[in-house]
Amino acid sequence: MKDRTINIWQAGILLFIIIFANKILVLPSLLYSGANIEGMFCYLISFLLEIGLITLFIFLKRKYPTYSFSKLVKEKLGVITLKIVYVLIAFFFFCKLILIYNVTYIFFKDLIYKSSGNFLFLICLLPIVNYLAVCDLRSFGRTVQLFFPIIFIILLFCVITSFIGIEGMPLFFQSNVSDVFLTTIKHTTAFGDVIFLFLFMDKIEYKKGDGKKLFFLATFAMTFVCMIMLAFYFSYTYTSFMHPYAIFEILGKVKDYGGLGRIDVVAVILVMILTYLQMGIYLKCFTLSFHVVFPKLSDAYALTTFNGVFLILVFLLIRNLERTITYGENFLPYLSLISFVLIPLCVIVFLVMRRKKNGKD
Amino acid sequence: MARIKEYLRILTKSPIILIAFFIILTFGSISLGKNAEINQYAIVTAIGIDKVENSDNEVEISLLTFVPVAQQSFTEKYKVIKAKGESVSEAIDFAGLSLGRRVGFNHVKILVINEEYFSDNASVEMDFLVRDKNLALSTSVVCTDAKASEFLEAVQKLDSESSIKIDDIIEFNNEYVYSNESTLETFYKGLYGPSKSSLVSFIALSDNSDEGVTVSANNGEGQAGNSGSQSSSQSEKTIQNDGSTILCREGREIRHLNSEDMKKINFLRGSFVRGSITIENFSDEVFHNARLTFDIYESFINKRVKFENNIPIVNADVKVYVKLTEAKEDDLEIKENVDYKNMSEKAVNALEKEVKSIIKEGLDILRENQCDIIDVYTLLYNHDPNAMQNFLKSLEDEEDYLNHIIFKISPQIYSS
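The listed protein sequences derive, respectively, from chains H and U.
Just so we're aligned, residue 954 is where the first sequence starts under the numbering used here, counting upward by one.
Just so we're aligned, residue 837 is where the second sequence starts under the numbering used here, counting upward by one.
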């Protein structure tokens, strides 16, 4: 299906949603294990890199408003480079899909559906995610627009109520700079999803001043993530590493101390909605990249490839949280080179080439 | 036909409808086909852990389990299920076998541990429970001098004989100056914090006691969950929550604190809303050699820290809101409306002196046991990490830092 364009708000909402991917469940606890309370700086460093990627996107969009990223790579760097870059991007989103699926599955299994197997979860998730991937981008944009107020209200509720559970002060300055940077590198895998903007570059309607809207929604999402992380660290302090599911745990804390009943269910609903949409975006990026690598093959081939390999890997990889974290910490960080090195490098090359061409003219 | 086509067109064009459709269809049909959770899981509300006599490794687990019984009255039925195993997890498996259900920990509110077992190495013994994701870390932890299984049997009786629930009793501990509410979370927070110290509530279970709540208990052949046995003889047990608390360091019991000790420590922590202060032999314009008791309505403590010549100084401003509730004096008569009577300056001074003395005694307890329950370490370290490290290096024993910190207490008494 040929995707129709989306407006900047819809792109911004997609960005808002993707910024939460893999950051509000297990990451805060893992960062605390690596860098204590200074784990919050890992978030800040990675978010700064993501802001840099968004800036590069806006810059590129301004210079090439009608171009797609694939067309730019093809024209400036050749077909072989295009294929290599897009194979890597497809691989990147595929691996992230496996990670987010694993973490969410284990979260739901641990906390709610103890007796339910992987099969049930796949039935609930895969058809919808597949549909979201093949549906028109504008329809997807409208869907996320519709869900945005719900997500926003739930997030606001989570953040406000989580601050009730805060007690005590953690010990600062326990980790050194190298701890912070090593932990950041180890967990960069949770970041860098914003490169989806480059893939949808030609499908985003962009007018002068629209960059501010993107920045606004991105920083808004990042602020929410940071607030959730802070509420988590200040609520649990020295035992933060013992609580694997941050957003769920902070509401659990309020439930225990505020006498508000089982409000942690709100976090479960939020995680559910976000997972569907985030996986939809990931898979859409995968199919788009697949289509660039194999232009003659339809979306059906992309989805068949994805579903086949995904099912095999998911059944091989899903065992427990420890195994998922090993996969995320030891293998995936290398893939972050794609989002934080390869894409910026391509953009810089385009811009330099354009400047040289302008100079010659 | 046209309408169906139109409907299908809308369906295929709106992913949101499809999403809703899929969720309802899959979750709905699966839920309908499943057994009721109550038939799969045993709802446990309290866990007891005991050491098995004459065995180094075996543990005994007692589970206070909700038993669903069809009845018209409001009372919930509970049974105590016991099982032994080489480890806590094995004992729980055996308990599940006895119950014919999986043991569900989602509703557990208290964890009762025998004091002897606890004092060995509590953090190691509770390891399984912390790893279990279904057991909330907000579960209250209680130590008892009796067997944990006996304690749970008494709790079961208490629940069936009255509306008093043990978890309510423990939860209320936080309100009073004489006690402390301990949970798995507070225990581990203390253990993993810089002070490595934590407090655990202690509730005694005795045969004859003048204080506490008395419940009937079975003797002889009466077994848990078999309380109706005709061969059992009735006696009485008293659950005595007098604020006693166990002071732990590095997960091990180091001192048994009574309610008076807790009062002293809680004034330093500032985490209570109810209690009382008594001043003896007080004389002013109204009273002569009177014994005055004031109710505390609120108490706040604000700690400010600084370093002077490498010595840490903690300035603690304690604000206490009190009201005179009891006065004992020979020939005392109430001649005016006491509600409108302001406290005399003398009374305020006497109370300030009393608060200062209470806090000093509390500090002495903490210093003596090297237990930084009030976590001044964090305050000082966050204030100036380098100065704190220098200070610690200057000490012969770094663990003994509390004895070398200067505390300046400034109590302020307000009449409410």
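Hints are supplied without guarantee of correctness; some may be wrong.
Claimed, not checked - With a cut-off of at most 30 angstroms between alpha-carbon atoms, the simulated DSS-like pairs for lysine-lysine come out as follows:
1) H:Lys1161 <-> H:Lys1062
2) H:Lys1310 <-> H:Lys1029
3) U:Lys1139 <-> U:Lys1189
4) U:Lys969 <-> H:Lys1249
5) U:Lys945 <-> U:Lys915
6) U:Lys870 <-> U:Lys841
7) U:Lys849 <-> H:Lys1156
8) U:Lys920 <-> H:Lys1062
9) H:Lys1029 <-> H:Lys1249
10) H:Lys1062 <-> H:Lys1139
11) H:Lys1161 <-> H:Lys1310
12) U:Lys870 <-> H:Lys1139
13) U:Lys1182 <-> U:Lys1229
14) U:Lys1192 <-> H:Lys1024
15) U:Lys969 <-> H:Lys1062
16) U:Lys1182 <-> U:Lys1196
17) U:Lys915 <-> U:Lys969
18) H:Lys1166 <-> H:Lys1024
19) H:Lys1036 <-> H:Lys1310
20) H:Lys1062 <-> U:Lys1192
21) H:Lys1062 <-> U:Lys1159
22) U:Lys1001 <-> H:Lys1160
23) U:Lys1139 <-> U:Lys1164
24) U:Lys1229 <-> U:Lys1189
25) H:Lys1309 <-> H:Lys1139
26) U:Lys849 <-> H:Lys1166
27) U:Lys1139 <-> U:Lys1001
28) U:Lys1032 <-> U:Lys1139
29) H:Lys1249 <-> H:Lys1165
30) H:Lys1062 <-> U:Lys1139
Derived by calculation from the structure, the hints in this document are not laboratory data.
Q: Please name the hints from earlier in the document that this structure breaks, with their numbers sorted from lowest to highest.
A: 1, 4, 6, 12, 13, 14, 20, 21, 22, 23, 24, 25, 27, 29 and 30
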